[in-house]
Every structure is written in C-alpha cells, then in structure tokens.
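**Student:** Here are the chains, one letter per residue:
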Amino acid sequence: MAITSDEDLRSLELPSETPMGQPLDWAWLRGARSEWGMKPVPGPRGLTMMDIATGSYGEIEEEPQFRSMAPRGSDIDENTPDMGYILNHKSQVWADNVIELYEEAVARQWSSTRDIPWGDLRELPSDIEHAMCQLCTVLTEIEMIATDLPAKWMWRMNHHFLEAKMFLSTQIMDEARHSDVFRKRALANGGGLLVSRAGSESLLRTILEAKTYTQASALLHLLGEGFILDIFRQGELIAPTPVEKKIFRLSMQDEARHVAYGTMHIRQAIAGDPDVEAEIHEALDHGEKVFAEFGTQPDLSSALAVLLAGGVEHIEERGFPMQSTMATKIFTSYLARCERAGLNRIDRTSLPLDLLGIDRDQFTREGVRPTKERGEDGLRH
Amino acid sequence: MAYVTELRYYQELAALMNAHPEDYEVLGEVDLNLGLVMTGQAADLRVKLQFEGLGCTEVSALEEGGEHSCDCWLEGDLEAWGEMFDDILVNGMATGRKTVNSLTLLGDRIDIRANDPLGKDLFFRFNQTVQQFLDGAAELEQSVV
Chain A
1 MAITSDEDLR SLELPSETPM GQPLDWAWLR GARSEWGMKP VPGPRGLTMM DIATGSYGEI
61 EEEPQFRSMA PRGSDIDENT PDMGYILNHK SQVWADNVIE LYEEAVARQW SSTRDIPWGD
121 LRELPSDIEH AMCQLCTVLT EIEMIATDLP AKWMWRMNHH FLEAKMFLST QIMDEARHSD
181 VFRKRALANG GGLLVSRAGS ESLLRTILEA KTYTQASALL HLLGEGFILD IFRQGELIAP
241 TPVEKKIFRL SMQDEARHVA YGTMHIRQAI AGDPDVEAEI HEALDHGEKV FAEFGTQPDL
301 SSALAVLLAG GVEHIEERGF PMQSTMATKI FTSYLARCER AGLNRIDRTS LPLDLLGIDR
361 DQFTREGVRP TKERGEDGLR H
Chain B
1 MAYVTELRYY QELAALMNAH PEDYEVLGEV DLNLGLVMTG QAADLRVKLQ FEGLGCTEVS
61 ALEEGGEHSC DCWLEGDLEA WGEMFDDILV NGMATGRKTV NSLTLLGDRI DIRANDPLGK
121 DLFFRFNQTV QQFLDGAAEL EQSVV
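If you're matching them up, the sequences are chains A and B in order. Counting in the working numbering, the first sequence runs from 1 upward without gaps. Counting in the working numbering, the second sequence runs from 1 upward without gaps.
Just so you know, these hints were derived from the structure itself, not from any lab. Everything numeric in this text was worked out from a predicted model, so none of it was measured. Even for Gly, the Cβ is constructed at its ideal location relative to N, Cα and C. Be aware that a few hints might be false.
[As the list claims (entries may be wrong)] The following residues of chain A were derived to be distant from chain B, with all beta-carbon distances above 10 Å: (1) 24; (2) 37; (3) 42; (4) 237; (5) 253.
[To be verified] Covered by chain B, per the in silico footprint, the following chain A stretches (three or more residues, Cβ under 8 Å): (6) 54-64; (7) 223-235; (8) 256-262; (9) 332-345.
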C-alpha cells in the first residue's frame with residue numbers, strides 16, 4: 001500500500017519495539033512538532049540559506065529556549081542537555097547581513113595555490129624584496145588572530161544562531177588562506193620571513209583577551225580588520241608585480257566581508273543592549289592606543305614606506321607623504337564605520353586626529369574630510 | 001559602435017558579461033547596485049549598473065543625484081574615465097594605476113562614494129567582478145571618448 005498522506009501515516013500500525021526488544025520512536029514519522037512541507041524554491045543561483053530561512057526555520061529568537069546543538073526549527077526534547085553556551089542572546093552574536101555574507105563567502109572562495117600566478121614573480125631590487133618579505137612576515141603573523149578569535153568564542157555561541165557560526169567559519173578559512181598566501185609570498189621569490197616584533201604580539205593579545213565577544217568583535221572586525229582592509233587596498237600602490245597585486249585584491253574582498261559583519265554586529269549589539277556601548281568604547285579606548293603603536297612600529301612602517309616609495313632612495317619625498325595620506329584614509333574609514341555601527345568615536349577617540357589630517361567638525365557618516373591640502377601629486381606633505 | 005559616454009556602451013558591457021557567466025564563476029556571485037558618474041562634458045553621464053548573481057541585470061540612466069539611490073558610486077571626470085578605458089583597450093585589461101581600485105585609492109580623479117560606509121565596503125567586496133566587467137571594454141568593437 002502506498003503511503004500518500006499524513007492521514008495514512010497516522011492510521012498505520014507500527015511496531016513499538018525491535019525484535020531485540022529495543023524501543024522505537026515514530027514521532028519523526030507522524031507527529032513531529034516542526035513545520036512540514038515548506039519546500040523553498042531555489043533562485044537563479046541555486047538554493048541559498050536565504051531561500052531556506054522561511055517560516056519557523058527563519059525565525060531567529062532573541063533568547064532561544066534551549067542551549068543545545070539541536071537544529072533551529074526541529075522538534076527539540078524538553079530535556080535536551082545544556083551545552084554550556086554563554087552567548088545566548090541574539091544581539092551578542094548576530095548581524096542582519098550575516099546570512100547573505102555567509103553565502104557570499106562560500107561563493108567567493110579562492111585558492112592561494114591555484115589562483116595566484118606564482119610563475120610571474122620576477123627578481124626584484126633587494127630593498128623592495130626585503131620590504132615585501134617584512135610586510136608578509138607581519139601579515140602572516142597577524143592574520144591568524146582572525147581565526148583564533150572567532151574559534152575562541154564560537155563554541156560558546158548558542159547553536160540557534162547557526163548562520164553566524166557558519167559565517168565565522170568562513171572567516172576562519174579566509175584568514176587561514178591569508179596567512180598561507182603571505183607566508184608563500186615571503187618565501188616564493190628567494191627571500192624569506194624576516195623580523196617579528198613584540199608590538200604585533202601586544203596587539204594580538206589585546207584582541208584575544210577581550211572580556212566579551214562583542215568587545216573582541218569591535219577590536220577585531222572594526223579596528224583591526226578595517227586597518228588591514230585598507231592595507232590590502234594599498235596593494236595597488238605597494239605591489240611590485242602582478243603577483244602581489246592579485247594577492248592583495250583577492251584578500252581585500254575577503255577582509256571587507258569580515259568588516260561588514262563586524263559593523264552590523266556591533267550595531268545589533270548596541271540596539272539589543274544599550275549598556276554594551278560603554279563596554280565597546282572602553283575596549284576601543286585601549287585598542288586604539290595599542291593599535292596606534294602597532295601601526296607605527298618601526299619595522300612595519302619602514303617596510304610600507306619603502307614599498308610606497310618604490311625603493312629606499314625615495315622614502316622621504318614619496319614614501320612618508322604617501323603613508324600619511326593613506327593613514328588619513330584608514331582612520332577616516334574606521335571612524336565612519338564606527339558611526340555606522342552606532343558608535344560615536346570621533347568625539348571620544350584619543351587618536352591624533354590633527355596629525356592624521358582629520359577635522360572633527362567636518363565629520364559626516366560617509367567619512368571625514370581631510371583638513372590638510374594635498375600637493376600636486378595628490379599627497380599630503 | 002558605442003562610446004564610453006553613451007548608455008549603450010554599458011549595455012554592451014552587460015551583454016558581454018551575461019553572455020559569459022562562466023568567466024565570472026571563479027570570482028563568485030555578486031549583489032551590487034553600482035553607479036557610474038562621469039562629469040565634465042555638456043551633460044554628465046550617470047549610469048546605474050545592477051549586478052545580480054553572475055550577471056548584470058540592469059543598465060539604466062540616472063538623473064542628476066540619482067546615484068544616491070545606489071549602494072555606492074564611482075565619480076570622476078570624463079578625462080580620467082577615458083584614460084582608464086584607453087588603458088583597457090591597449091592592455092586588454094586595466095593595469096597599474098588605472099584599475100578602479102587604484103584610481104579610487106587616492107580618489108583624486110575617480111572616487112568611490114556612498115551614503116553609507118557599508119555601501120562603500122560593497123565596492124571592496126565585489127571589486128574584482130566590477131573590474132572584470134569594465135575590462136570587457138577590450139572586447140567591444142571600440143571605446144573612444
């Protein structure tokens with residue numbers, strides 16, 4: 001007899017135990033307290049997580065009833081064990097763009113082995129090769145913080161917020177790839193890894209030891225990754241060959257997703273609990289100081305200046321002015337993102353805005369207009 | 001033959017992208033509403049490009065100020081745009097300081113703008129797809145200002 005309806009299922013006589021005497025549970029077949037027959041429709045690009053976020057499956061509760069790994073939308077045992085999650089409120093992990101960001105991340109993965117034209121590397125002047133290797137040393141060191149930090153918190157996040165954990169998993173993959181690609185570049189052209197200074201480690205430790213996930217996210221996604229995003233953008237100016245250009249361009253796309261998550265997560269966190277704003281400010285007060293030390297540490301800034309200048313001989317007339325112009329852009333973007341996240345940092349920051357050429361009074365949500373005039377070469381001198 | 005100052009030019013670029021989605025597959029799907037603003041001629045050109053999935057689903061003209069309805073927009077003088085397209089024609093793709101990422105980095109000739117920092121970040125998230133779309137100019141019959 002073909003089973004064609006739920007009515008047929010309910011009328012079936014089914015065994016209550018196996019021939020070995022073990023009990024059988026047929027609730028999954030007739031009577032699960034979950035939605036049946038949703039049938040989401042695939043879009044032009046396939047079946048996305050947005051497509052299946054439908055009905056109760058797409059309802060993200062502010063504070064889920066359970067603290068287990070049971071899938072959201074399923075019929076969950078009342079006595080399901082508590083997994084010890086400590087991030088059980090939506091605003092503690094969620095961002096309104098996180099499902100789309102997950103799909104985007106999956107669609108835009110790349111391979112450092114396959115997609116970088118390593119064969120196009122060519123011998124470079126020694127100062128340029130050294131500077132690129134030093135930059136790659138710093139980058140391969142600091143990129144892994146963006147894997148370790150989410151990994152530290154993910155197992156503490158309620159599984160109800162599955163898509164946030166899935167997105168953070170893509171971030172972990174992205175950052176592993178960044179660490180990999182910069183390590184490869186350091187070695188691939190006959191150079192190698194150069195110096196690792198304490199300043200980098202202090203920054204990483206500050207991020208890793210943040211007291212809450214949201215504080216950590218502010219330090220990592222808004223401050224740290226925002227800075228690195230702009231360094232990757234500078235790849236257009238500092239890359240000596242198309243190989244590095246490709247590395248920086250592809251890495252930039254990844255980094256921008258992480259920043260987009262962080263911006264919206266912080267916004268969500270503040271909306272969910274206004275008291276969180278003070279905690280984030282406190283974290284950024286400290287983070288900006290450590291970050292300023294990191295950004296100006298002598299090895300990183302000298303290597304960047306040499307790359308921006310195209311060689312040590314042009315560092316003063318071109319490297320430093322270019323670096324100053326880029327610093328204005330970096331902190332302009334950071335302050336604008338903070339504002340978008342619901343944080344007014346412009347009136348609180350201890351960053352040297354005057355030195356950076358940023359005028360508090362000229363602040364707009366889009367950005368902060370530079371106060372210093374540029375020279376004919378487009379740079380601030 | 002279409003000119004870079006004409007809407008039809010961008011429609012041809014979109015047709016090229018839509019005819020070869022496989023070329024964009026390695027970069028992945030896109031969701032971006034991008035404006036292009038070219039100033040400096042009698043009537044400025046404002047174009048809206050709607051990217052969805054692996055295609056460009058809409059190319060339309062924008063009124064003055066209409067770019068504010070886009071996620072973000074690239075704005076610069078026609079001369080700078082012309083130099084960028086010339087570079088694409090000569091090299092088969094934008095090179096050196098003529099990529100949109102390079103040009104917008106300093107932002108003195110062509111700048112990236114948005115009403116929302118997240119809109120601007122979309123340009124960075126989908127940057128290589130936008131560049132590949134513009135590089136399609138090398139395959140059009142001709143693109144002169």
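**Student:** Could you work out which of the previously given hints the structure breaks and list their numbers from low to high?
**Tutor:** As far as the earlier hints go, 4, 5, 6 are violated by this structure, in ascending order.
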